[in-house]
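Engineer: Sequence:
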Amino acid sequence: MKKTFPFLAALFIFVHDAHASSSDYLRVPNIHSLAMGGSGIVTDAFSNPSVMELSSSRSVGVEYFNRYGLKELGTAQGYFLFPNPILSFGVHISSFGYEQFKMLMGRCLLSKRLNERWNIGVSFQYAYLQSELYETKPAKVSTDLGIVYNPFENLFIAFTVQDFPSFQLTSKTVDINEFKSYRMEAGINWNIMNGLLITSYGALNEQQDVMAGIGMEYKVYSCFALRAGVQTLPFLPSIGLGIHLNGFQIDAVAIWHPELGINSGIGLSYSF
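If you're matching positions, the sequence shown starts at 21 in this note's numbering and goes up one per residue.
One or more of the hints may lead you astray.
Restraint-style ranges between C-beta atoms, simulated for each label pair [said to hold, decoys possible]:
# : residue 1 : residue 2 : range
1 : Met204    : Phe100    : 26 to 36 Å
2 : Ala96     : Ser291    : 29 to 39 Å
3 : Phe172    : Lys91     : 41 to 51 Å
4 : Tyr118    : Tyr169    : 34 to 44 Å
5 : Asn174    : Val80     : 22 to 32 Å
6 : Leu224    : Leu265    : 22 to 32 Å
These are computed hints drawn from the structure, not numbers from a lab. Note that beta-carbon positions come from the ideal geometry of N, C-alpha and C, so glycine has one too.
Full structure from sequences and hints, please.
Structural biologist: Put into structure tokens, the structure is as follows:
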């Protein structure tokens, strides 16, 4: 019974959140982006590999995002990003679920600054699902393509296509809904004034669902920032904070779901 309850709880969340795909659960934007309405396309390399070119510092970090207070619905992530004038690269590993239903993914990210205005990035993903529902381990490989355009100082415009193309590495008789989705996004990152950043994005997935989000970050001090945002489908307001000290960064977020409760997350990274 103890093993059955978390499985049923997880199944309830999956059924209730009809718009979710494996990308929603397995590849979560970083904690910084989640606090700003999920605008990862313009703020983190998890969602757009070309964003690596916006930083000159290497970074390593770990994050944990907990859904509705259920450890069975947690996503753990680890990453290493290495910006480089010749070719930037990164590694990203994430895990979602628990013993009876677990998804794992490994990613390789590459990006290049083409000129003073254009950056391009690509990532390659391998993901597999381990579940008592299947005798084998369904798996897929996919590719992301991202672009960042800087028309003038303090404004960035980003575009990305996630999980396209995508190929399932299992028997065609095994139909895995969690592995059948792509997503297109466009967004902006605008530093309106010293210490105040505004982000927004719009997205369309394979099911023709239209999503959007907007967020802001205000640096109260050089080492302390407050964040807030909201995203649609479903409606999810969020708040968060960031603390930076001697190269270390701590990020935290709380996201409120109108029916299912609170999502929370925390991240720790080091830049050098």
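Engineer: With reference to the structure, classify each hint as holding or not holding.
Structural biologist: Hints, one by one, checked against the model:
no. : hint                         : result
1   : Met204 to Phe100: 26 to 36 Å : holds (27 Å)
2   : Ala96 to Ser291: 29 to 39 Å  : violated (21 Å)
3   : Phe172 to Lys91: 41 to 51 Å  : holds (46 Å)
4   : Tyr118 to Tyr169: 34 to 44 Å : holds (41 Å)
5   : Asn174 to Val80: 22 to 32 Å  : holds (28 Å)
6   : Leu224 to Leu265: 22 to 32 Å : violated (39 Å)
When held up to the earlier numbered hints, the structure conflicts with 2, 6 and fits the remainder.
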